[in-house]
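Undergrad: Relying on the hints, combine the two individually framed chains into one complex.
Letter by letter, the chains look like this.
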Amino acid sequence: MIEVKNLTKKYGSNYAIDHLNFNVKSGHIYGFLGPNGAGKSTTMNIIAGCLAATEGTVKINGYDIYEEPIKAKRSIGYLPEFPPLYMDMTPYEYLRFVAEAKEVDRGLVDEKIEQVMQVTGITDMQDRLIKNLSKGYRQRVGIAQAMLGEPEVIILDEPTVGLDPKQIIEIRELIKSLGTNHTVILSSHILSEISAVCDYVLIISKGKLVAQDTLENLATHYTSSSTVRLLVSGDEGGLRMAVDTVKDSITDFTYGQDKDEPQYLAAEIRVPRDTDIRAQLSTALVENGCTILSMTTESLSLEDVFLMLTQDSYDDDEAASREADALPAAVSELSEDETEPDESLTYDSLLSAGYENVGLKDDESEDEADEDEEDFRDYEPDLEALEAAEAEEKAKAEAEMAARLRKREQPAETSQPRKKQDEGEYRSLFTISDDDKGEDNK
Amino acid sequence: MRAVYRKELRTFFSSMVGYIFIGFVLLIAGIFITMTNFRQGYPNFEYSLGSVSMILLFVVPILTMRIFAEERHSKTDQLLYSLPISVKEIVLGKYFAALTVFAIPCAVMCVYPIIMSFYGKISFTSAYGAMVGFFLLGASLIAVGEFMSSLTESQLIAAVISFAAMLVIYMMSSLSMLIPATASASYIAFAVVILLLALLIYYMTKSYWTAFAAAAVLELILAVFYFTGSARFEGLFSKTISTLSFWSRLDNFVFGIFDVTAVVYYITVCAVFMVLTVQSVEKRRWS
Chain A
1 MIEVKNLTKK
11 YGSNYAIDHL
21 NFNVKSGHIY
31 GFLGPNGAGK
41 STTMNIIAGC
51 LAATEGTVKI
61 NGYDIYEEPI
71 KAKRSIGYLP
81 EFPPLYMDMT
91 PYEYLRFVAE
101 AKEVDRGLVD
111 EKIEQVMQVT
121 GITDMQDRLI
131 KNLSKGYRQR
141 VGIAQAMLGE
151 PEVIILDEPT
161 VGLDPKQIIE
171 IRELIKSLGT
181 NHTVILSSHI
191 LSEISAVCDY
201 VLIISKGKLV
211 AQDTLENLAT
221 HYTSSSTVRL
231 LVSGDEGGLR
241 MAVDTVKDSI
251 TDFTYGQDKD
261 EPQYLAAEIR
271 VPRDTDIRAQ
281 LSTALVENGC
291 TILSMTTESL
301 SLEDVFLMLT
311 QDSYDDDEAA
321 SREADALPAA
331 VSELSEDETE
341 PDESLTYDSL
351 LSAGYENVGL
361 KDDESEDEAD
371 EDEEDFRDYE
381 PDLEALEAAE
391 AEEKAKAEAE
401 MAARLRKREQ
411 PAETSQPRKK
421 QDEGEYRSLF
431 TISDDDKGED
441 NK
Chain B
1 MRAVYRKELR
11 TFFSSMVGYI
21 FIGFVLLIAG
31 IFITMTNFRQ
41 GYPNFEYSLG
51 SVSMILLFVV
61 PILTMRIFAE
71 ERHSKTDQLL
81 YSLPISVKEI
91 VLGKYFAALT
101 VFAIPCAVMC
111 VYPIIMSFYG
121 KISFTSAYGA
131 MVGFFLLGAS
141 LIAVGEFMSS
151 LTESQLIAAV
161 ISFAAMLVIY
171 MMSSLSMLIP
181 ATASASYIAF
191 AVVILLLALL
201 IYYMTKSYWT
211 AFAAAAVLEL
221 ILAVFYFTGS
231 ARFEGLFSKT
241 ISTLSFWSRL
251 DNFVFGIFDV
261 TAVVYYITVC
271 AVFMVLTVQS
281 VEKRRWS
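Same order as they appear, the protein sequences are chains A and B. The opening position of the first sequence corresponds to residue 1 in the working numbering, with each subsequent residue numbered one higher. The opening position of the second sequence corresponds to residue 1 in the working numbering, with each subsequent residue numbered one higher.
Do not rely on the hints blindly, as some may be mistaken.
Unchecked claim - Just a few of them, taken from the derived set where beta-carbon distance is under 8 Å, the chain A residues facing chain B: (1) ARG74; (2) TYR78; (3) PHE97.
Stated by the list, open to error - The calculated DSS-like cross-link candidates involving lysine-lysine, where the alpha carbons are at most 30 Å apart (straight line), are: (4) A:LYS5 <-> B:LYS121; (5) A:LYS208 <-> B:LYS283; (6) A:LYS131 <-> A:LYS112; (7) A:LYS5 <-> B:LYS239; (8) B:LYS206 <-> A:LYS176; (9) A:LYS131 <-> B:LYS75; (10) B:LYS75 <-> A:LYS208; (11) A:LYS135 <-> B:LYS75; (12) A:LYS10 <-> B:LYS239; (13) A:LYS112 <-> B:LYS75; (14) B:LYS283 <-> A:LYS71; (15) A:LYS59 <-> B:LYS206; (16) B:LYS206 <-> A:LYS10; (17) A:LYS208 <-> B:LYS206; (18) B:LYS88 <-> A:LYS112; (19) A:LYS71 <-> B:LYS75; (20) B:LYS283 <-> A:LYS59; (21) A:LYS71 <-> B:LYS88.
Simulated from the structure, these hints should not be mistaken for lab results. For every residue, glycine included, the Cβ atom is placed at its ideal position computed from N, Cα and C.
So that you can see chain B by itself, here it is in the shape it has in the complex (with noise of 0.2 Å):
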């Protein structure tokens, strides 16, 4: 893993990539904290990080486009499958690696609050408590981002992909309020998400038995638990949603709180996404 971290660590800065992540987060993070702090003379910190996070819908892409996609393309990963390392390992050095070069920004951004403190008082608690919730959302969304780049060999295709898929991350908890309130209404957005559930499952194990058995399963567990009482299921879709939304987590820590549960979440989410990572590329030994 070390040997494929430090691989990977290099590669983000002999290319371009690493200096134009780090340079561009800095900037927008500079910029922000200008405005609401420096010239407003707001002394929260912790606000105008909930507003850089924003722009990591941007970047992250663009640090994640890579990261298998390129191997890929380039045919590198036959070398990588035939050494003795396992795709485990490949697929956490090369994510650690990206942690790496988000974490730069991000220690470079902990020193505002320290100038900040020259010139007022600062909760420093609630400053760094919310640079963590920062740090663990683009972890998170860094890990998608791998996900998505193992799915193709194109970077380019990478880049759109994840971008589009954090684009309805950011966009959930707002896109969810679309949805009435009603109980049917969320039983039907349940069900629907249950099929393109399966789809994605079609896509990743090509089977259609695998997909079919999965739609079909969650969609009795659905409809049983609707039409035993479907008094749950009012405005249960949007609740949920905005539950899982990235971004809507990090609000917690943008107010000065420590929300424990986000971090758990977060942490899930990088979990999880490894995972899916693994299969991922481990199916593609297999076809």
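The following block holds chain A by itself, in its conformation from the complex (with noise of 0.2 Å):
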């Protein structure tokens, strides 16, 4: 249906998108999902043929959106992220002025807009000029743009954002519904959104496709896994022996000295899903003479999935030129077949960026370690608004966190001694996900 080949656009020198490859079939619904700015309205906008792309091409029901414009937009309604409605018109002069534009059949015409105004919703807004409207209604007249002259593909841009959380309900319910007789392409920078209403996800990160799948897929893929962290003091070879106990169901382990407290050691396993290795690891850990001074278990959400693809892009930049410096500071014992690369923890990076911006620095000494997780608990809550709401203004300063952490993740190809510095951070990004992911383990 749409067939987008190696689609390049730059501006200047920086890629908006970048050789993005994607084909999308008929009778689903697609949710193209990515933080903001990562290029996703530029994608639309090239599909739709309202800006031309730098290099590669766009063919709708095999019709090049370049070659033979009239022809490939015929089978497209776009909605645009600021819904191009003319105030001066009311709605049904507009979709009036769509249709004709589209060509619908002379005698069909007001029959087609009665139509598209009935499922929108919009039939007894129909005289009123678009500049009463509110946004929601707004909204709705854009998507009823979009439907007319039955194009088999509906793109809508970020069609929820701005509306109250009636209306957004409202719009996802409208546009579920449009699923079942058109294609559609959603874009949205919300997880819960596509998880709401799409079948099938893009997930675009910098201009580049870093996952496509079924929501399904998505979540058992990456979420099939489910990571312990333990802080412990004790020697090296007492905790590797304690992990040798439950070596048959785990993973991947990897460990490291602490960041900001280097005479404790940090460790990290990761066991599939539904495995409880908590109490045999705690026992094992006591028996080969270590003390645990934390251990919490956590597993990813589809929204953990989502912030950590997109994330993990950011990084590529900074970890290029991290590669130098940056010494592995964990060493990978066990097997890793099963380990994706990609499953960093980025989630705790978050946490930690959000943590910091509470100002709440983690530079208490060992003895306070239990204090500290008091203090944590009681800034949960503010933990998790800015969670919410910082997210995607802080996406640079996760990112790097990422990159650091994806440093460490990547298992060592030798072990080199490790660096104390590195440690450091490693405990303060430890100590958040203890506090957040407490509560699951109690």
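TA: Set out below in structure tokens:
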């Protein structure tokens, strides 16, 4: 239906979108997911023929959008990010213009307009001026416009931005109902929206496609394992031996000196979801002379997967520059065959970014570790709020964190001496997750 | 194209612009015709039409300023791009809508010679011939205005630059008189015009090389012409300019001559500016 090949858009030397490739097949609702500035709107604009690409092709039903724009555009209904409405017209006049431009059959124009107005629920508003309509109704007029002419594909760019919760639900319902007769491509930076409406997801970040799959596959693929985090006091040998006792049920194990409290060891153990090794592990640790200072488990939600995927690509630039000086702080010991290098701990990094924002720098000494945790608990609502609201604004900071973390995540080819300041970071990233996910474990 | 035309026409009359334009043209035309033809008893409708033509300078920018600037400002141009209509159709649809608005006062003015004929002998052919010239002059100016509107997203700027451009066109022939008639002065004036043209090319294409190449080639041709026979350049610049001036082209019509070259000239101007507008709108998709 829609074939996107090698699509690239450059502004100066910046890539707004970077060699995108994907296909859209008929009969699904596609979700185009990515943080702000990821290139969603640019891509949609290009597909709809509003913008020219620097490179690459878009084919709609076999018609190239540049070579045969008229034919290609006939199969597309497009609602840009800002609904392109003429404020001095009534919805009826506006839809009439669009219907005429889309060459809807003369005799059927009124009937078709009536039909889309009914579906979008604007029949009662048809004779008011668009400038007097609320944002929600304007959005509906925009969607009605996209539906006219019975295009096979309807492209909606962030259709729920700026609407109140009730309107959002209504628009989502509307989009779902559109999905029964049309292929819908919907963009959003809100995962819950995509998961509520779409059955296929394309995740884009920094102009690159980082994942595309059905929602179920993404969920099972990325959220199939959970991570146990440990902070122990003791020697490496003890830790390794203790972990050896649960060897069979874990998929990955990394450890290193803790960042803030270098006298302790921090470890991460990845286990398949639904496997609980905590009891066994804690006994084993004590038996091997290690004292457990904290232990948490966490598993990725779809939201985490999204954040993780979208942040990964932010790292790329920084990662490259860090490659030289960043020393692997963790040593991978066990089999890594099931490990996804992509499954980084970005969720933590996000939290720690938020955490730094509240000014809760973890500079207290080790004695106050417990107190520490209590402090965090008090701040928990704050953290959550921050996580939600500032997630995007802090993308940069998070990305940096993610980059560092990923460095650690990557199993070291050679075990090199660990650097102290590096581990210091580890600790700070660590404590938050202790706190935040603490609840889940209890 | 018809959809755009109808929408555009409706917009002219749902806002004040269409009415203001028509009212103003008719008011000024009425004043001039009352003064010249009715009070002073001149039987020549075309004389007053010649005077009325000056006010197009002020009213055409008002008519054309919003054509593209407003679409861009309110982001409705995205709708036009995504609809299955070509840019050419959009530009022409909008142009013909503006032309239709301009045709309304022209149609009303066509009644004046008939009224005048009740009081004396009127040459209908020269009166209506001049009317054709007047309409074509307006059509050319609307084409210029539409192009100017496609360059910016502010209506105000569109109006100001349209007015400035039309003022330059209006005063072109008198301004060119300032340049001495010597061959070297003509040569320099042409050279400067080529440089200005290169600047415009740069603005349109944002490519140094295209602008530079165009300027270099044109300057070279000019230099070759000048140095092979500088005598040809004497007074050439002011002559060229007055040939190009929109208003001086109307003079023949005012004196009762139906000038076919002028008709061709006006239509060419319209076509050139339509092409430029299409380019300018197309270009926006690429930036």
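Undergrad: Evaluate each hint against the coordinates.
TA: Okay, the hints, checked on the actual structure:
no.	hint	verdict
1	ARG74	holds, 5 Å
2	TYR78	holds, 4 Å
3	PHE97	holds, 4 Å
4	A:LYS5 <-> B:LYS121	violated, 74 Å
5	A:LYS208 <-> B:LYS283	holds, 26 Å
6	A:LYS131 <-> A:LYS112	holds, 23 Å
7	A:LYS5 <-> B:LYS239	violated, 56 Å
8	B:LYS206 <-> A:LYS176	violated, 44 Å
9	A:LYS131 <-> B:LYS75	holds, 14 Å
10	B:LYS75 <-> A:LYS208	holds, 26 Å
11	A:LYS135 <-> B:LYS75	holds, 16 Å
12	A:LYS10 <-> B:LYS239	violated, 47 Å
13	A:LYS112 <-> B:LYS75	holds, 25 Å
14	B:LYS283 <-> A:LYS71	holds, 21 Å
15	A:LYS59 <-> B:LYS206	holds, 29 Å
16	B:LYS206 <-> A:LYS10	holds, 15 Å
17	A:LYS208 <-> B:LYS206	holds, 28 Å
18	B:LYS88 <-> A:LYS112	holds, 27 Å
19	A:LYS71 <-> B:LYS75	holds, 23 Å
20	B:LYS283 <-> A:LYS59	holds, 21 Å
21	A:LYS71 <-> B:LYS88	holds, 16 Å
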